[in-house]
Structures are given as structure tokens and as C-alpha cells.
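J.: Each chain, written out:
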Amino acid sequence: MADRRFAGGRKMPGKLKVKIVAGRHLPVMDRASDLTDAFVEVKFGNTTFKTDVYPKSLNPQWNSEWFKFEVDDEDLQDEPLQITVLDHDTYSANDAIGKVYIDIDPLLYSEAATVISGWFPIYDTIHGIRGEINVVVKVDLFNDLNRFRQSSCGVKFFCTTSIPKCYRAVVIHGFVEELVVNEDPEYQWIDRIRTPRASNEARQRLISLMSGELQRKIGLKVLEMRGNAVVGYLQCFDLEGESGLVVRAIGTVCTLDKISNTAFLPACNSPSKEMKEIPFNEDPNPNTHSSGPSTPLKNQTYSFSPSKSYSRQSSSSDTDLSLTPKTGMGSGSAGKEGGPFKALLRQQTQTALEQREFPFFTLTAFPPGFLVHVGGVVSARSVKLLDRIHNPDEPETRDAWWAEIRQEIKSHAKALGCHAVVGYSESTSICEEVCILSASGTAAVLNPRFLQDGTMEGCLEQRIEETSPPGCGFCHIPYDELNMPFPAHLTYCYNCRKQKVPDVLFTTIDLPAEAMVIGKGCLIQARLCRLKKKAQAEANATSISNLLPFMEYEVHTQLMNKLKLKGMNALFGLRIQITVGENMLMGLASATGVYLTALPTPGGIQIAGKTPNDGAYEQHVSHMQKKINDTIAKNKELYEINPPEIPEEIIGSPFPEPRQRSRLLRSQSESSDEVMELDLSHGKKDAFVLEIDDTDAMEDVHSLLTDVPPPPGFYSCNTEIMPGINNWTSDIQMFTSVRVSRLSNINLTNQTLNKNFNDLCENLLKSLYFKLRSMIPCCLCHVNFTVALPEDEVIQVTVTAVAITFDKNQALQTSKVPVEKTLQRASTDNEEQLQFPLELCSDPLVSQPFSPAKEVLENASSHTGIPAAQRAASLDKASPLAEGHLRHRSVPSCTNSTVSVVKMTPLSFIPGAKITKYLGIINMFFIRETTSLREEGGVSGFLHAFIAEVFAMVRAHVAALGGNAVVSYIMKQCVFMENPNKNQAQCLINVSGDAVIVVRESELEMVPVQPSAAVSQPASAGDVTT
Amino acid sequence: MWCRVDPADLSPFPLPVSDAVSLRLRSGILEQTGATVDVLQSDTMDHYRTFHMLERLLHTPSKLIHQLHFQIPPSRQAMLIERYYAFDEAFVREVLGKKLSKGTKKDLDDVSTKTGITLKSCRRQFDNFKRVFKVVEEMRGSLVENIQQHFLLSDRLARDYAAIVFFANSRFETGKKKLQFLTFEDFAYCAEQMIQNWTLGAVDSNVDDMDVDLDKEFLQELKELKAWGELAAGEPLVWGLTSLSLCSLVCTSLRGKISVYNEMEANFKNLSRALVNMASKLIHTKDVRDFFIDLVEKFIEPCKSDKWTLNDLRLFLTQYMTSAHTLDAFRHQALWDRYMSTIKSCLLKMYHD
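Top to bottom, those sequences are chains X and P. Heads up: the first sequence runs through residues 2 to 1027, numbered per the working numbering. Heads up: the second sequence runs through residues -19 to 333, numbered per the working numbering.
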């Protein structure tokens, strides 16, 4: 990075002021005295200040002067503030204790934090956290001094993939992307002679600098587009090894307006029902004619996969398709059904979006009325060979790669009759010099009013006049019925009966707030491994390219089958991750299945044997069939899916062709006998039929049935919240769990590999359910799995999710409360009588492990963070458990805790609390290395400790900004490498989220200034299974 | 890092993982939750790792309060500290009064075998004792308060630790066979009495080691009781009025009230001499160590063999203490009270089977 400070002789528009106050719990650096002579170096850009040495103390009080850095705003955005704590040594070189990097970006826009002040963990890449340092940082910006256009101070960034809670979207401009590249310090020649510590620090600093630069550049683009914020900001690192380091980011540019009176905002605890009104009134006539530019319809642009691999369906569907004129754009139907309004809308949208190169939106949840129709998932992948990036300032190759993929996505969306892609995301998987680039999103038709400047006022007025459609609009197909881009069974919407809907709907977005569902949703995963030969460069890339379509197809089939097995008809939040390793490819798809009332009831799953004459075989097949039918019935009961019976004539009648009608009837009939019969005659039920023609297929059926449902009281989903549950409590717990599994490398086959992977994921979920048992009834929300293949025969799975307790039945609960209370009281007493014996006496407690734990936690959760004196008072008011709790409080002095509580959640909100202020994004990158892996508790111990440290540092930074929570938290990367022979390991973690201030809703009514009080302890579990 | 720890999950820590797992298995946890052994195993390992990370912090509880690694609700923090510093009666009786040195630590395997407490647990308890001792040993101010402040223990546990520190410092012998009937609670009570009355802190509240060391000046003065004691215990006919008077004063006032009057009268001389001799010898470290043995051998055992009731003992000691004041020749009123009130409390606490 060139030093820009002296580049153009520009004025200095900012002053950064830093004060080092004190340190605590420093490590002993001088063995002789058991003490430390610590001092601090404060560095920004090329300027460094030092504090005095505070001799012989582990809790130094420097209380330094204000160190002032006069810098331009460009540097303020790019550079991190670097604080190094050292031990003074008179005779030899000073020893570094550790560092703190502070991103000062949140101080650069006026609405966010004004000061960063607090205790920061001092971090060393070899030793981890070594004490804390108290720092105060301020920035004075002289905004009027020059027309800085190199910087983009003032643009707000949000990781949240919806419009942030205390803002209103005036305009949603669209897609923004940028990437910067550099050489990876780890692969520079100098790395051979410097210490691991120096190398790690160089890397951490570089990435910090690069993400600052990236953010600034994105900010510039935002200003160009006349926006003032980036929502759904997703920044990723590609560690390309020898070829370099890529930092890239995508986001959605918006013009946001702060809602001044936050009190009128709907509560944040659920994307609430109040959002139901939709400004857009849809034309009642189904429109199959598009007057816009003709959509180039290619068979290969199947919405799900760019390949033609949908072979199983093709035989029958091709004939179907061939009936429709491929170029005629439904000329026959136009006269009958032409909806002028819709056409107009389409044109409008088109013009609004055409100006943009990529009409993509990284948002997954939208303002009411924004989303008009959803077409389906579009995805594109490409395999690339990495080469050295020769000129970091012109990262054209990488740009071109992504442009190519985005172009493909765009054309897929077009094929689906959509002009936009929502819920858009990009990812990479790198192994040696091969890189898979992936992009996916949901093709959609959007309401143009949000997309243009100056139309908002009119829209708002219109909004009131318009009547709300029944919440099924987004399910209606956006594409031409007679010219479908892929085979699908269309029916009239089960909700409004006016427009066509597909039989299943896959999307990458969250369930729209207005969507009508029956029952609850559930997490559906497809897992798949494929072995591949080890190969070099070109050959490797080719074999991967060849494997990809098959993987996509199989993942899709698995998802479809599992969805049917659950008796559901739509997937939300679909995320398919394809990971490449030395000798295998892994596919993991996660989504949340729901039953949309607008879509038809899914048919069952039909097993068809290949050799119908074999009696024993026949019996086996029918046995399997029975098992599947039982499972479907059981799932329907479990997820409370009981759609009302609809007379068939009503649904069938609008269909002109009798042939199609009969097909339709079949697809929604549930009786298995009937299905069998009809299926044989028409062969249109491909999606529902599993042909057992070889052992592989048998295997598939088995794996379908081995997915165990979560234990009673647990639900899980990968969307923000669980459809069908809305009475959340404020008891939340975020966790991250990493599992590293070593495969025995003998005789690896696809089957054993699949089984291993499947077991790994299932066991991971099981252990989470076990750990969270005290939170029942609860739902695991935003379950996010990431798979990595760091080495041969090593699979690493990382899960982050949040568990939220909900009231099973509020009415029932209130009547039961008195009983429960006495029970809990009793258990507390019991615990105290035991005087906390540390060993052997656990039995009485084990026998009732739920109540005591829960009780203590609940009590605590309503009081932490409130000063001790106030605590008793609020306790009496708030908690009926006061008496029981008072006994706890007799345990002394722990109450004077100075550590402020910071909640962390991957959700964009905190149940039972309201976000009052966004303080800026947290984007942190850490490297941890050890040369004594065994001594640190092996892989598990090492990861366990590192993740705890990352959490601690995130919380400390948020607290220093004055925040008390992180929302939309995500661990974007967790790269673990191990060298057991040398007893070494290294791990890189990249996390991000939005620092916010939340206020509990109950407090909001009584004491508005009280900071949030509930506790959530992010927790993690490391695991090694070998 | 799994901070949502069940107290139940925490308890088996000094056990090897496998034992902890089987202990949890026996509790029927799998049946309750439908989990598998693998899950239980890995969950247990997680708890061990969490504990391993917490243990470092527990050594300096103030760090646990300020640490940023885990967000633990205050009540849970207090519970963790309290349970980590809890100790076993059987263990403390083995170690009480011993020097908290490496040598003692080496012998912990014997203690472990004898008490049935795992060696790991013994080590933890021993290290806790030693850590607390090291920190508060040279500190000004009240011993209990210092412990409470530095280790954030509950009042009750801090008092127990004060006793342990006090005993370790003066190295009171508590392990002899004759003393086995005494519980830790007995000793802790005696320690509290001695700290309150016999240390420097009892007279001056602002000196180093005030609650840990016995008041040397006081012990020196106690020597002076010897001369008078010999008088009191001597032959009444030869030495005249003094002793006769004390004996007669006590006997007269107790006649009819005490169930063992005859035995008391016969033994008065020996009992009285024992108490006074002990007082006069306390200046010697060796005799301080034998303090409890002396109390048992020279006082409690004779009384027990004569079948004194606790009430008899109380009446006797009260009378013995107060009667001295009525003697004209007695010049050590304050000293006598400071000594005797503590002795009386200790003896009454220790007088049981």
C-alpha cells in the first residue's frame, strides 16, 4: 500500500485522537520479578507515538496524553489504528505482548458512534489474548475543508440483509461490487526469514487495510449512484495462496432515511404481521404475454443448474415443451389474457433495471410490496485456474471472472421472465490452484417504485388507496406459461385462484412476511460427496467441471425428495455450497422447507422397482414404500401441516386442456394407490418417483429415511425466524461449533464418503440439541453450515446458529406458572444445601438437570448489566422469583462486574428488544497459530479457545463503540490447517456483523435509558472425531 | 466455551473424562434426552475444555469477573467460584495445620488413598489452600475480609479459609489419633475465637499479619500466670489462702449445681494446673502446635472419664473464670479474661464424642 498521505498535497480533513488509559491482567514478561514493564506504541499510517514505560506492574496506569494524528479522510477509511503493547527491556529488544487493531470507520459517519472507549483484549497470534488495554479514540472531521472524492466518509454499511430496523428505504438503487487484490504476505520471499508472528501480523494488517480500502471504494460507488448506504454488505477473502489474496465485497445500495421517532416502529422481534399491507395491486388477469424484449429461451437455462442435466424429467417434459412455440411468446393467449397493467409494470421495471449492469439485490427480506413475483433459484458456477495476479492495481482477471458469472445469472433470470435477482450471494472454494466461483440468487419481478428516485412520494400516497392482495402474489409465476423455461406443473393459485403457481418453489430469500403458510417449517439439508482423481491444473479443472452438473442435479433431487418427505412445497433461504478438495467434491445444501398455502399439496413419493417380476424384491419395495408413506404422515403431524381439503373441480376448472388437468389432479392427490396407477399411465410424476434400479438408488432411499427429526421441543430452520412460531421469548443463545473429521483413507467410496459426511452433520446437530436441552421448547434459527476440505481426508464442518426459546402455549403457560415457580424454588434450595460440592455429589442435580440450570440463567438474564443497587429494585418488580434469587445474591462481590454484556446473534434483530441505533459494521480478521498443539488440548482445545477469543474481541469492540449487541453476525471464514507431525496448527477466522444498541421492550416502557440487560453467551464447541 | 453450563454438568470434573461420561450415563441422561453415547462423550469433552479454560481464571477470581472470554451471569460466576473453592471435610482434616509446602503436596497420594478422594481433587483443594494462604499471609486488615475481597468467596467459605490459613500459619497439630473425634467445624470455631481474641488484630487493627499471628506480647504476659498458677495449684496447707480460696470459691458456688461435684473437687487441682500451665507455655512455638492435644489430654479426657456433662463443664469453666476476679491477690484480670474466655469457648465446642 502506497502512502497516500503525501500524494497530492491535499489538506488534512481529519484529526484522530487516541488516549491510552490503562492495562490490566497483563502477562508476566519478566520471570525474575514476576512483573512487566509495559509501554504502548500507537500507530496510524506511518506515524507512531509511544507512552511512557509503566514499570513493574501487571495493571499499568499510563493515563497518557492525547496522541493526535492529522490525516486525510482516505487514510481514516483505509487504515486501522494499531496499538501494540510491549515489555520494556533495557538490555535486549523489547518484547511484544500483543496488539489491538481498531477500525475507526464507525467514527466517520455522524449518526454512528462518536467515541470508541473501552477495554480491548490484547491479542497475540501465537499466545492469544494476553490481558486488556483501555483506550479512548475520537475523530474530528473537518468536512467543509475540501471536496474529497477519494474518500467516501458518511456512507453507512450494514451486514443486515434487510432494511435496517430504524431506517426507511427511500430508494433501493441496486447492486454494488468491488474487489481488491494483493500479494499474500504468507507467500512472499520474506516469509522464509521472518517469525510466524511477524508473518501473521503482516497478514492481519494487510487484510485490515484491504478491507478498509474496499469499503472506501464501494462507498465511492454508492455516492456515484446517489445512495447513502450499503445494505446486505458481504465481504469475503479468497486466500489464493501463491496467486495472492483477494478481498471482494458485494452489497445493495440504498438511500435510507432515519425514522426519527422510533417509538412508532413495529417491534423488532419478528418481521411482524403489521407489514402485511402491500402497496402494489396486481392485475387480476393472469398475463402470459410479455411485451418487453423477448426472453432468449434456452433449454439449458434451467433455473437451478446451468447444465442440461435434468435428464430424468426430460423424456416426458420435452414433449410437453415442444407443444409450445418457442419463439412465439404465446401469441395465441395474448388476446385472452393480456393484462395491460402488468405489461406496463414490466416495462417500468425493465427500464429501471436496464440502466444497471446487474439488477441484483443482496437483500433477503424486503419492504412490503417490493417483491412482486418470484421465479425460482438461479445459480451459476465456473471452475477457474488461478494464476499469479501480476498487477494488483488492475485486478482484471478476477473482475472478468465474476462479470461472466453475473452475466450468466442475469440471463438465467431473464429466462424465468424476471428482471431482477434477489437474495443474491457469491462464494468461492479454492483448492491448490483450482477455484470454483459460485453465485446464486432468486429470480424475481420487483415493484419499480422503490427503484427510482423521486417516485417514492407518489408511491406512498398510492399505497393507501390500494387494496392488499392476499399474500400469494409472490408465488405467481413471472414467466410465460406456454413457454416455460423448465418443466413444471402449473396450477391455479390455491389462494386467489386467479393466477398460475408452480408446484414447488425454491428461493434463496427469507420467507416474505406476508406469505401465508400452514404449520411450521423445518431445516432441510442435502449432503453429497463425490470422489475425484487427484490431478494437476487443467486436467483437475476439467474433471471438476464435469462433476459439477451431476452434483447439482443430485443435490437438487435430494432436496426435492426430502421436501416431499416433509409434506412441504417450498424452500426458502436455499444455500448450496460446493467445496473442492484434493480428491473429492462436497455439496451441502441447506434450506428451510415450508408449506405455502398458495401452492398445491405435494404428492407422495413413489418407489418404482426395476424388476417387477421378482416377488421378494416387490415385497421389499412395498415395504419401503410403506415406510416412506408413514414418514410423510408423521412429518405432517410433526410440522402441523393440515391444509384444508379443496374440492378438485374448483382447482381444475380453469384449465383449458383436459390432458393437463388430469395431470394436475394427480399431483395433488395423496392416496398412494391412485398415484401408482396414474403414474404408470402418464409418467408425469417424475419428481415424485424414485426408481430403484441399482444399489445407489437404494442407498438414496435409505439416506432419505435416516434423517432423524430433531428431538421433541426442538425446531430448526436456516432462515431468520421459523415460519409458524411467533411467540419468542428473549432467551437466546448463539453458538458456533466446529467439527473436524478425519476419514480413514482406505477404500473410500462415494457411499462410505456420503455416509461419513451425513453422519458428521447429523451428529453435529444431535450434539447441539443435547447441549441446548435446557432451552426447550426452542428453535435453532439461522442455522448456517460451512464445509471445508482443508486437507486430504479431512472434512471440517462449522455451524453457527442461534437458539431462541419460545412459549409453547402462552395461555397454558400462565396457568402453570405458580406450580413451576415452586418447583424452581425448590431446586434452588436444593442446590444451596449441597454447598456446591465440586465432585461426586452430582446425582441429585443430574436427575433434574433442566430446572436448576434454567432457573439460575433466567434470573441472571433479567438483571445482568444493571448496577447492583438498582438490581434489587428491578428484581422485585420484574421477577416473581425474587425471594429465591435473593439467596443467590448473598454470595458476595460478583455483582460489581464491570464487563458489559454484549449479545451476539446471526439474526437481524433480538427477540424482545428493539434496536435504537446502528453503530457501524464489525469486520474482523484474526489469525491464530500454535506450535504446541497437543499442549493446548489438541485441535479441539485450540479451536475452542480461539473461537472464544474471537467472541471476546468482537464483544469488546462492540462495547467500546457503546453498543450492547451484534446483529447479523456471521463467521464468514474459518480456515483451519494442521501439521500434527510438527505439533503445529494455524487457524484464520473472519467475522462480521452490525454493532447496535438495543433496548429491551419491557424497559422501553419504564426506563428508556436503561441499557439492555439480557444475557446471551455465545458459545462454541470444538470437536474432533477421527 | 459452552457457557450455558448445567451445574450438574460441572460436577464431575476431577474425574477422568471416561468416568465422568459413565457417571452421566448412570444418571439416565440419555433416556431423558434421546442422545447417543457419542454425543454425551463429546459434550463431556467440551465441558472439560471449557473448564480447563475457566480454571486459569478461577485461580484469580477477580479475573473471572473481568474476563471477556465468557459472558457468565454474575450468579453463575459466584457459583463457579464457590464450587471451585469448596473442599471436602475429610481432606481438610488431613491437611489442617500442616505446612502448605511441596512436601505436604507430595504426600497427597496417601491422603487420597486414605480419604477416597481422587488425587486430582486433593491437589486442587491443596492448591486452593496454598493460593489463598500466599495471598493473604502478609496482608493488613481482617483475614476474612481479605479472603473475601481477593477470592470473592461467600462469607461462610471465607471464614473456613481464614481458619485454614490461621492453622497453617501456626501449624497447630490436628492429626493425632486423640484429636480424630474433632471436626473441621470445631477447629474452625476455635480458630475464629483465637483470631478474635489472641491475635494482634484483637488489640490493634492496623498491623501486618494482624489476624494470622498470635499476639507475642500477650503470650509473654501469659507466662506471668505461671507463678500465680503454681500458687493456685499448690498444696493449700502449705501455701495458705490463695489456692484454697480459688478451690473453695469454685467448689462452694458449684455445690448442688454440678452433677459431678465430688470428681470435680478431687480433680480441681489438676484441671486448674493444666489450664494455667498451658497459658504460661504458649510463648513456645512447640506448645502452640500442641495446643489442641494439650486441651484434649489434660482437660477433656479427664473430664470425659469422670462423665462430666457439657453443662457441668460450662458451669465449672464459668465459675473458674469469674472466681479468679474475686481473689484479692490476683492482678491479671484482663489477661485472665482474654485467655480464659477463648479457652472456655474452645473447650465447650470441643467437648463432644
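If you are wondering where the hints come from, they were derived from the structure by calculation, not from laboratory data. It should be emphasised that the depicted structure is a prediction, and the values quoted were computed from it without experimental measurement. Backbone N, C-alpha and C define an ideal beta-carbon position, used for all residues, glycine too. You may find that some hints are simply not true.
Stated by the list, open to error - Here's a subset of chain X near chain P, in silico, CB distances under 7 Å, partners left out:
(1) ALA33
(2) ALA953
(3) ALA957
J.: For which of the previously enumerated hints does the structure constitute a violation, in increasing order of number?
T.: 1
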